[in-house]
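Participant: Please construct the entire structure, taking both the sequences and the accompanying hints into account.
Chains as they are written, first to last, in full-length UniProt numbering: chain A, 1 to 200; chain B, 1 to 784.
It is worth saying that the hints were derived from the structure and are not from the lab.
One thing to keep in mind: the hints can contain errors.
[Stated by the list, open to error] Example chain A residues on the side facing chain B (calculated, C-beta under 7 Å, incomplete):
1. Ser21
2. Pro135
3. Arg151
Please read all numbers here as calculations on a predicted model, not as lab measurements.
By construction, the Cβ of each residue, glycine as well, lies at the ideal position given by its N, Cα and C atoms.
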Amino acid sequence: MMGRTIFIDPGRCIGCQACVSACRECDSHRGKSMIHLDYTDEGRSVASLPTVCMHCEDPVAPCAEVCPADAILVTADGVVQQADTTRCIGCANCVNACPFGVPKIDLQAKLQMKCNLCYDRTAYGLAPMCATVCPTGALFYGTVEELQAERPGVQVADTFVFGESEVRTGVAMVVPADKVQWPVPGGLPVVEVNGKDVRR
Amino acid sequence: MTADPRVADPRAAGPRAAGPRAAVPLDPSLAPPGTRAFRDAGGIPADQWHADQNGETLVPTHCCFCGVQCGMYLRVDRAGKVFGVEPRNHDINRMRLCPKGINAYQQVNHPDRLTAPLMRRSREEDFREVSWDEALDFTVAEIKRIQQTYGNDAFGLLGGASLFSEKTYLVGKFARVALKSRHVDYNGRLCMVSAAGANKLAFGIDRAGNPFSDILLTDCLLIAGSNVGECFPVMTQYVWGARDRGASLIVIDPRETAIARTADIHVALKPGTDSAFFNAVLNVVIEEGLTDETYLAAHATGWEEVKAKAAEYPPSRSAEICGVPAEQIVQVARTFARAPKAMAWHARGIEHHSQGVENCLAVINLCAATGHIGKPGAGYGTITGQGNGQGGREHGQKSDLLPGGRSIANEEHRRQICEIWGIEESELPPAGTSMMEMVWQMRRREIRGLIGICNNPFVSLPNYKVVKEGYDTTEFHAQFDFFLSETAANAHVVFPVTTWAEDEGVMANAEARVVKHNKAQDPPPGVRTDTWVMCELARRLGAGDKFAFAGSREVFDELRIASAGTVNDYYGITYERLEETGGIAWPCPSIDHPGTPRLFEDGRTYHPDGKIHMQVVDWHPPMDPYDDEHPMSLTTGRTVAHFLSGNQTRRLGALVEQTPRPWAEIHPSHGFRNGEPVRVVTRRGSEVFPALVTEAIRPDTVFIPYHWPVPTSANALTIDALDPRSKIPEYKVCACRIEHAEKIDEVPAPPAAPGHVAYPETQVSRTDPLPPTAPQGRGTSERS
Ligand code: SF4
Ligand code: SF4
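Facilitator: Listed below in structure tokens is the structure:
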């Protein structure tokens, strides 16, 4: 896990989409949001959680791994950048490779776009736009120690399992303290669906 | 003040300088070229695109929307135009913003802005753009004609609680001094007047008892009738902060909102039964010996009577009325009363009722009986819907109040204000009527002319048919606005006025903390400030000497003097102090006074005897009775992406995209499928909405958000019954039924502004998480 990173705490998310709006305001992709919101138990609950780029580390992010044009750069501090516009050919391999459903393709421009952890902000110690504005702290930017100082006893996970493969990520998820297991099921930190244990 | 050189000094006089900026202590080599941080750091990208050509200034100000009043910076380009927002580390919000706050800046230079006065001599004609002189002359001639024919009180004024306090002060003064009419009121009447009335009765002061930061210190937080997550999203950080410290959370709401979802106890009571519920909670507190008798003996009056009334509400009785288990009532009583420190916050959910004042009093009785008052982490508060819902009534915009919260019926108060205004006491009109009552009077031709400032009753008042008839009956109607609202479209004259970013002034947030908004850009050509328009109308009406204000600062200085010595004392608050401190809570009687964030710390209230005057509360059923044809409750409220009547937010692309239309939220037990058209019928009419089927609502209740005009307007269905004391409409409950319908009557799409609505097509890498007809933010169900 990186030093300072985003922590996603779905228990706090109120589904307000401030993160989505804030992401649209980011100078590096103004007018487009690189975040989407999932509703985990539609029709029964208002529960929601945001998905940002998880900045995978295993051993290099799947999107970067499959990119035929080597357009996706991973920085020394583990940030998976959005595709380099001079190299990206808009083939959408990254879209298909990403286990979290993050990258988007601008069909007109034939360019990939994705969250780059607001590199223009984080390079200066500013938090990414989404985590800055998130009214609830469902998106938190800082170190795990800072998170734990603010929220005593909080448990996080940064390894997710998808079938046979395990992905370690730079962005971490808050998971219920009594349900921590390593690694957590991929994509969402879901341990129960409709009362049924879905961990295998 | 911050040391960030991009931040403009709001105290600097004159138009903002757009010259080169001071050096920024950042190393450009660290920033990726082409990024803003790179430019801010003074770096020169490879294409020689020099940073100075793209210089921007950040102007510190606050959000124009809800009563949280989040701090933000507006980003201003070299040409002096607002073009973006940047989070601001202000105590209230610590950088956080909700989607409304983030997108608010887009209305400043929105293509729909009105930039010339619009006029027509009758409602049959089309509007034409006219000069300011023509519009003002016509308005003044109509005011004079109506007042000379029918008397001064035949012309009314309706203000708004999104205006700066300076302007709300002017609205009150303009009505009484320039129009010489008793008929002035404001749309804050639809907001927190029930809480205000209750607080005044119980404590002799009309504001929340504690600052938001006290929430972080409490052990038990009770939230009644407030969808905090959607209506005041940034306040959620305080709620979660309390949870992090182990505080328990009790939420009273017929819907399982985002806050209710994680509560220790969520009481999903039937709309309109809140006082029965709180009386029963008090009953249990008394039965179980959990009252704080020492506190009550020393600090309260009326306790014996309140106690006797509570005895009539055993949990079994209230459980039946409220449709919740009696055990929950017991649980709430124990959790709240046993907590070392407990707080209660409420909002429109318990206030928008024909017994809104009583509901708030019932909460106050509970706080008083358990001694949870006036301590860090213990107390009560009401969360304001509009940015200046609190400040908007403090200085004389409300029909029965004079500046400083003085009563217009009180001889001494009248004398004091007449002295400041330089008029004879005989010239000061008596109290007028409330906003809804004024509309009824318009319908009865008792009020023949009206000026509306910063309000949109066509969407926001209940019983649309009556409202429309009222406005259509007026002989003359002028409206101040910066977009052509549904109400402005009915007017004879529309004055194009400034947005919050084009003027300076103060607002008081839900904590009664006065904050300063700063001017970020000059108004577009043709647009004037509301202050200028009011002063100019006053001059043409012959009262120019009483309205010789050059701008907000001069008005504020008169307001400070007019409030001096009252409970709502602003005397010690100055623009300079506000900028230095980030906000001061009133009362603040002197320049060296730190303000009063928390009330009653010395155990004294603002009544002369220093005590809490507890009031007996009795439950009575809602005004619109249930019968076989109307067996369900209709309740209304907000959605996170929109604000009040939607006049502002329904034009902002991201917000429209987030929540394009209203819906009727119903329980799966009715057999509807998600997105299917459902007709909601009340005694006022019927409208068709897409169904949002979810278990997160009571089976006997329907919820519709109210931000849209007819044909999908919640307020075409709601009842115009009023609380007898606060005169707030009963928006939160009326009888209804639901039926299958053929199709949904679409609301005409709002005028789309390029760059504000449609974003270039982007292929999303997964299916859209929302079903096509479902509004975001509420869980939906396909199960039938
Ligand atoms: S801003 Fe925060 S609370 Fe709102 S939707 Fe995004 S993650 Fe959830
Ligand atoms: S919470 Fe209220 S004040 Fe804060 S950004 Fe949202 S609307 Fe504006």
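Participant: So which hints don't hold here, by number, going up?
Facilitator: none
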